[in-house]
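Since chain A is already given, all that's left is putting chain B on it; use the hints.
Number of protein chains: 2
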Amino acid sequence: MPRLITVAAAQLGPIQRADSRGSVVARMLKLMEDAARERADLIVYPELALTTFFPRWYLEDRSQAEPWFESCMPGPETLPLFERARALGMAMSFGYAEATPVGQHFNSSVLVAATGQIVGKYRKIHLPGHVEHDPERTHQHLEKRYFEPGDLGFPVWNCLGGLVGMAICNDRRWPETWRVMGLQGVELVVLGFNTPSVNSQKAGEGLAERMFHHRLSLQAGAYQNATWVVAVAKAGVEDGHHLMGGTMIVDPEGRIVAELDHEADGLLVRTIDLDDTRFGKETIFDFKRHRRIEHYGLITKRTGVGAPLGKGGPEL
Amino acid sequence: MPRLITVAAAQLGPIQRADSRGSVVARMLKLMEDAARERADLIVYPELALTTFFPRWYLEDRSQAEPWFESCMPGPETLPLFERARALGMAMSFGYAEATPVGQHFNSSVLVAATGQIVGKYRKIHLPGHVEHDPERTHQHLEKRYFEPGDLGFPVWNCLGGLVGMAICNDRRWPETWRVMGLQGVELVVLGFNTPSVNSQKAGEGLAERMFHHRLSLQAGAYQNATWVVAVAKAGVEDGHHLMGGTMIVDPEGRIVAELDHEADGLLVRTIDLDDTRFGKETIFDFKRHRRIEHYGLITKRTGVGAPLGKGGPEL
Chain A
1 MPRLITVAAA QLGPIQRADS RGSVVARMLK LMEDAARERA DLIVYPELAL
51 TTFFPRWYLE DRSQAEPWFE SCMPGPETLP LFERARALGM AMSFGYAEAT
101 PVGQHFNSSV LVAATGQIVG KYRKIHLPGH VEHDPERTHQ HLEKRYFEPG
151 DLGFPVWNCL GGLVGMAICN DRRWPETWRV MGLQGVELVV LGFNTPSVNS
201 QKAGEGLAER MFHHRLSLQA GAYQNATWVV AVAKAGVEDG HHLMGGTMIV
251 DPEGRIVAEL DHEADGLLVR TIDLDDTRFG KETIFDFKRH RRIEHYGLIT
301 KRTGVGAPLG KGGPEL
Chain B
1 MPRLITVAAA QLGPIQRADS RGSVVARMLK LMEDAARERA DLIVYPELAL
51 TTFFPRWYLE DRSQAEPWFE SCMPGPETLP LFERARALGM AMSFGYAEAT
101 PVGQHFNSSV LVAATGQIVG KYRKIHLPGH VEHDPERTHQ HLEKRYFEPG
151 DLGFPVWNCL GGLVGMAICN DRRWPETWRV MGLQGVELVV LGFNTPSVNS
201 QKAGEGLAER MFHHRLSLQA GAYQNATWVV AVAKAGVEDG HHLMGGTMIV
251 DPEGRIVAEL DHEADGLLVR TIDLDDTRFG KETIFDFKRH RRIEHYGLIT
301 KRTGVGAPLG KGGPEL
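Here the protein sequences come in this chain order: A and B.
Anchor point for the first sequence: position 239 equals 239 in our numbering, and the numbering is continuous, going up by one each time.
Anchor point for the second sequence: position 256 equals 256 in our numbering, and the numbering is continuous, going up by one each time.
Next up, chain A with everything else stripped away, as it sits in the complex (with noise of 0.2 angstroms):
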């Protein structure tokens, strides 16, 4: 029997400095009222959905950076979004810039279920970028200055009638990030990006490669752990500075099922089927008979690259 959802990936379009979180807001809201008329299960907005990509600029003073983050979520701006999604009955889930009580400051997003109650928070944890200005760079991407890395591990939560996972932006690049999620069953993720179209240390990429790269991890890490992909796209240029779209869901054999092809507010919107991750599962995925996991120690016991384990020699 089918496990039927639909999905609403609901990309934004791009948020100026000058924007405020009311008019932000206001956007999703009127993405929610689109996607509640499709009957959309579950609408899943980018990564740092209620601001611009902040991290582009550098501030000398940290604490400058501070009105851009949450400290309470839902807080007062937030919670239209929370009741709208209650009453049309809706799960949600969204990124945004989070402040903890005891000063510590994330990446996060958050999976909603339609009864308003928020069922798992997720801190990114692969955090580009760097600390300090790097005058080397065509633009700035401090990822690494305003945030902590995660600290909660990739969870998946029962939401849905299904296994759901949350991941952000760069996270996608990490085969981790979807292998961690695999091995509890992951049967949906949900992930929002901002993504530079302009590689800040090599400008002549240019924008299709970078889309190339954003695919290709999208459709390996949906392939190889046998699930569903929804990932959003905040697009369109910020203050000069343009971020690619690439909204787009990805079926459990790695098949893109579904793109948007502008930089705008917009909706893409599909009823998947949450069995159709058992076939693979099942067979060339299935883990408990296929995974050898002896020779998987360097993953977990190296960070970074160390000496080649390669001896030779003729007794070979």
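There could be a bad hint or two in this list.
[Said to hold, decoys possible] Rough simulated footprint, nothing fancy, chain A against chain B, three-plus residues with beta-carbon under 8 angstroms:
{"hint": "1", "region": "174-183"}
{"hint": "2", "region": "208-216"}
{"hint": "3", "region": "261-272"}
{"hint": "4", "region": "279-291"}
{"hint": "5", "region": "297-308"}
[As the list claims (entries may be wrong)] Under 10 angstroms between C-beta atoms, here's a sample of chain B residues computed to sit facing chain A:
{"hint": "6", "residue": "D151"}
{"hint": "7", "residue": "G153"}
{"hint": "8", "residue": "F154"}
{"hint": "9", "residue": "V156"}
{"hint": "10", "residue": "G165"}
{"hint": "11", "residue": "N199"}
{"hint": "12", "residue": "G221"}
{"hint": "13", "residue": "K311"}
[Claimed, not checked] With a straight-line Cα cutoff of 25 angstroms, these simulated PhoX-like cross-link-like pairs (lysine-lysine) come out:
{"hint": "14", "chain 1": "A", "residue 1": "K288", "chain 2": "B", "residue 2": "K288"}
{"hint": "15", "chain 1": "A", "residue 1": "K288", "chain 2": "B", "residue 2": "K202"}
{"hint": "16", "chain 1": "A", "residue 1": "K202", "chain 2": "B", "residue 2": "K288"}
{"hint": "17", "chain 1": "A", "residue 1": "K144", "chain 2": "B", "residue 2": "K288"}
{"hint": "18", "chain 1": "A", "residue 1": "K144", "chain 2": "A", "residue 2": "K301"}
{"hint": "19", "chain 1": "B", "residue 1": "K288", "chain 2": "A", "residue 2": "K301"}
{"hint": "20", "chain 1": "B", "residue 1": "K288", "chain 2": "B", "residue 2": "K202"}
{"hint": "21", "chain 1": "A", "residue 1": "K311", "chain 2": "B", "residue 2": "K288"}
{"hint": "22", "chain 1": "B", "residue 1": "K311", "chain 2": "A", "residue 2": "K288"}
{"hint": "23", "chain 1": "A", "residue 1": "K288", "chain 2": "B", "residue 2": "K301"}
{"hint": "24", "chain 1": "B", "residue 1": "K288", "chain 2": "B", "residue 2": "K301"}
{"hint": "25", "chain 1": "A", "residue 1": "K301", "chain 2": "A", "residue 2": "K311"}
{"hint": "26", "chain 1": "A", "residue 1": "K301", "chain 2": "B", "residue 2": "K301"}
{"hint": "27", "chain 1": "A", "residue 1": "K301", "chain 2": "A", "residue 2": "K288"}
{"hint": "28", "chain 1": "B", "residue 1": "K144", "chain 2": "B", "residue 2": "K301"}
If you're looking for bench data, these hints aren't it; they were derived computationally from the structure.
Ideal Cβ positions, reconstructed from N, Cα and C, are used throughout, including at glycine.
For chain B alone, coordinates are given in the frame of chain A:
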């Protein structure tokens, strides 16, 4: 300064059950001479290069498979490959069925330096398929019957002025394969395969999707570890069973730079720069700066899928 080497992917067309070792070695030598004319520094042959893909046949008495195995390497029939490669000053890698003196059986490959010395041996870790005859499949895939899982890990060797690793066929679908080599700084992975063009458990899947998964796995492994890949097929119809082609060279950005478009004996020769791996290894995939092994524990703790870790609840 670039570190250029010229690699030759030496695809083999089909090998019938009735074909002698001598006839196969003659074909391999012909490809080697062709590669020498193109000044190849390294020639890479496929998995099980010396025989037909015999795991497609169920033999109740396993010992009847013994003639397909090599009990020494080089042996009398493979010695001409070693001698000619040494005379030409060419390194080489090929796959074969290995029987050890103590009665073990592996799906193995060797890396042979231009001096003729075996530098490294790899024994396939991710064996696909099954152990007993399975009447529900369109054809049998009995690698788990005829081979034990490899016991040598995924070493990387100093060879040809770079860091070279080996993998075999189904290993390419597992990100762990690539990452364990990536953590040793691998710059070139050589990988042979024999891949049936029909999924024995999903006849309708089709060749195009099989080829898509093949490319996706190679491209993701290359990109996410910033390594060159030379992947080499045994292709064509062996005793009525079709193996797909797809011999290709993939660069450290995950781009396919060359691909054979036939299923017969044939060469793909390219000069590659091992220093092209540096950009990826020093920026987005600088493991030391970006990996967070404290959150990867499940990868080596769990073999199969276990309970989801997400607890949920309003305290979040």
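Hint check:
1. 174-183: holds (count 8)
2. 208-216: Holds: 4 residues of the region 208-216 of chain B have a Cβ under 8 angstroms from chain A.
3. 261-272: violated (count 0)
4. 279-291: Since three or more residues must qualify, the claim that chain A covers the region 279-291 of chain B holds, with 11 doing so at under 8 angstroms.
5. 297-308: holds (count 12)
6. D151: Hint holds; D151(B) Cβ to chain A Cβ min 9 angstroms, cut 10 angstroms.
7. G153: Because about 5 angstroms separates G153(B) from the closest Cβ in chain A, which is inside the 10 angstroms limit, the hint holds.
8. F154: F154(B) check passes; min Cβ-Cβ to chain A is 6 angstroms, inside 10 angstroms.
9. V156: Check passed: Cβ of V156(B) comes within 4 angstroms of chain A, closer than 10 angstroms.
10. G165: At about 8 angstroms, which falls below the 10 angstroms cut-off, the nearest Cβ of chain A leaves the hint on G165(B) intact, so it holds.
11. N199: holds, 8 angstroms
12. G221: OK, holds: G221(B) within 10 angstroms of chain A, min 8 angstroms.
13. K311: Since the shortest Cβ distance to chain A is 7 angstroms, the answer is holds.
14. K288(A) to K288(B): violated, 30 angstroms
15. K288(A) to K202(B): holds, 20 angstroms
16. K202(A) to K288(B): Given that 25 angstroms is the threshold and the Cα spacing comes to 20 angstroms, the pair holds.
17. K144(A) to K288(B): holds, 14 angstroms
18. K144(A) to K301(A): holds, 23 angstroms
19. K288(B) to K301(A): holds, 12 angstroms
20. K288(B) to K202(B): violated, 41 angstroms
21. K311(A) to K288(B): holds, 24 angstroms
22. K311(B) to K288(A): holds, 24 angstroms
23. K288(A) to K301(B): holds, 12 angstroms
24. K288(B) to K301(B): Since the Cα atoms of K288(B) and K301(B) sit roughly 22 angstroms apart, the hinted pair holds (cutoff 25 angstroms).
25. K301(A) to K311(A): holds, 20 angstroms
26. K301(A) to K301(B): holds, 12 angstroms
27. K301(A) to K288(A): holds, 22 angstroms
28. K144(B) to K301(B): holds, 23 angstroms
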